[in-house]
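All chains should be modelled from the sequences, with the hints used to inform the complete structure.
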Amino acid sequence: MAERAGTLAAGAVAATLGLLTLGTLAVVALQTGGGLRLGPADWAALRFTVWQAVLSALASVLLAVPVARALARRRFAGRGALIALLGAPFLLPVIVAVLGLLAVFGRAGLLNRGLEALGLPVLSVYGLHGVVLAHVFLNMPLAVRLILQGWATIPAERFRLAASLGFGPGDVFRHLERPMLREVLPGAVVVIFVICLTSFAVALTLGGGPRATTLELAIYQALRFEFDLTRAAVLALAQFALCAAAVLAAARLALPAGFGAGLDRTALTLAPGGWRRGLDALAIALAAGFLLAPLGAVVAAGLPGLGSLPDTVWAAAGRSVSVALASTLVSVAGALVLALAAARGARGFELAATLPLAASSLVLGTGLFLAVYPFVSPASVALPVTVLVNAALSLPFAFRVILPEARRMQADHGRLAEALGLRGMARLRWLVLPRLRRPLGFALGICAALSMGDLGVIALFAGEREATLPLLVQRLVGAYQMQAAASASLLLVALSFGLFWLFDWGGRRGAEA
Amino acid sequence: MLRLEKLRITQGDFTLRADWQVAEGSRVAVIGPSGGGKSTLLMAIAGFLAPSAGRVLWQGKDLAAVAPGDRPVSMLFQDQNLFPHLSLRENLGLGLSPRLRLDAAQEARIAGALERVGLAGLGAARPGRLSGGQQGRAALARALLRARPVLLLDEPFAALGPALKVEMLALVAEIAGETGAMVLMVTHDPQDARRLGGETVLVAGGEALPPRGTEALFADPPQALRDYLG
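Protein chains in written order, with the working numbering: chain A, 9 to 521; chain B, 65 to 294.
Since the hints were made in silico from the structure, they are not lab data. These numbers come from a predicted model, not from an experiment. Glycine included, C-beta positions come from ideal geometry on N, C-alpha and C. Don't take every hint at face value.
[What the hints assert, rightly or not] Derived CB-CB ranges, DEER-like:
#1 A:ARG517 - B:ARG193: 14 to 22 Å
#2 A:LEU30 - B:ARG193: 49 to 57 Å
#3 A:ASP179 - B:ASP77: 44 to 52 Å
#4 A:ALA34 - B:ASP77: 43 to 51 Å
#5 A:ARG186 - B:ALA129: 57 to 65 Å
#6 A:SER330 - B:ASP77: 28 to 36 Å
#7 B:SER98 - A:LEU173: 36 to 44 Å
#8 B:SER161 - A:ARG186: 53 to 61 Å
#9 A:ALA34 - B:ALA129: 47 to 55 Å
#10 B:ASP143 - A:GLY315: 56 to 64 Å
Shown next, in the form of structure tokens:
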């Protein structure tokens, strides 16, 4: 029967995920030999990891509130484009975001040149505040979207009632907005906290040193530079424990879904005039500037050298696209199998699809490194390992995108399909693929962009000749080849967004109502 | 012969019992208060609900292990009887071949069935372009093609206006007559039961009572039916 085959396939996917996350963890635990002693530098890394994540999450969410409020209650030309732009940082390769921020806030960036011209002291973007700045750039837009959804959940009738009772902006805040924020903000803070816990690329480029090293960065250094496998394993265990605890804590909160539609509502909202109007305009202008300036800087810096990119860049781009396509296919196929089983009511698959959230690129990488190291050179399996890890890490996002539509499909058409004996490949072809075309396209796009921009496990495994494009950009930055780095990162952005757009467009095209 | 043998269906704290049989080609209306278990009864016969006790037998064979698509049954649900992303031709084709590999003879049968229900030439149309009545006709055309000996109707025409509903019931009667199929039709309207002719099963108080001749039943209604009719 179709159900049994589907559930079996879902079981196989779940077992693979379990093996990948918990199996690598077991390898790591074996390597520590039971001695779980964190040295002073390790404790410092643990503290810094938590501290920067706390600061990043709070800063992202607090800064997002005025922006979300302004977007919720104002209508202006370009509002839709700005909201769409808010989705971009999630898909932006982190290394590119960092380069853009350096161009604006770095030592020779626009801001410091302005400060210099005014005779003021220049600011350094390295260390804790650089890490937090980058995390706010990457996650504040997500927070704005989450909070904006919160505003959209306040019924329009309630705003009408408030207007008819003569509420001022303060009353509206007290009776309508504050209760909503109290529900939405904790979830948003936790989501961003978890994302920032596993930050590697940002710490690699803007952190470092005894005062600004995250656990992930410490794992990388222990494996790549000190070749201290046991220390890497101990750090990986600490990182896993931290993430697992955070994900468990997050599961207790009602977590908002990251990328919802329905951000537009035509119903009237109370839009106070006067100085509040100016304040909203300022919040929107600052947020747009904060997002657009680094992106603009990347484009401006990268365009001139785009015609004369060295062959190494093109080769790395080819590897990146192949890795991204392979991991995308694996990830979305796995997510679809799990989502179909979960939609039929089979238990346990939602948990399996959440499992990779507790792992991180470097923890999985450490386990796989320890597993393959005795047998083959890690560099020789760099690309397959990257495909596997990227697929596992993007699967939870793909699953979240597909599951609601899969549930709706099951509820609306499951019985008819069963009554007609539609099963197996026929069911996939005539029911599942046409009905789920839109979320599948979106999930493929997200996975492709995430994998394209990933700079994690590849840094652990790759030698000179296996670098993907993000790793190559990072190496070019490390070698102070800023022009080549800028052009390569522009190519990287174009490829990431291009793949996303292509898949998403393919999903929308011909999708039925 | 469709036989419900000491059948018991349990859903949470709701239980429905039935112990009777219906001859091939019969027309049976299933009537009773909402929430009484009319749909539950059809779902059990179609194979969407497993009995907690007793058996559903067709020609003496227990259907417990038979998947819904393999039962001698076509069912029209209250809604979602057509896949909205497929054309009418494809929707009907799925009744002949779930893989939708259709040969010329099958294509001809599909065209014929569409013509039979008054939808000639609409094979390329998507269900969304059709009216509610036309969608019901298309679903009936598929049942005609599948030609299963039992046709289960779970109020598929409830959303149609009175005149259209009468028209659809007439079509059901014609098609059942052509294929010789037994009809079990859920309704809450005594008029529908009368129009269908044949027998009526009253579902009330956790039990589906054995079928009785519809006219006789309404002429001398038991207390449960009197309560329902008011």
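Non-conforming hints, listed in increasing numerical order: Result: hints 6 and 9 break, sorted rising.
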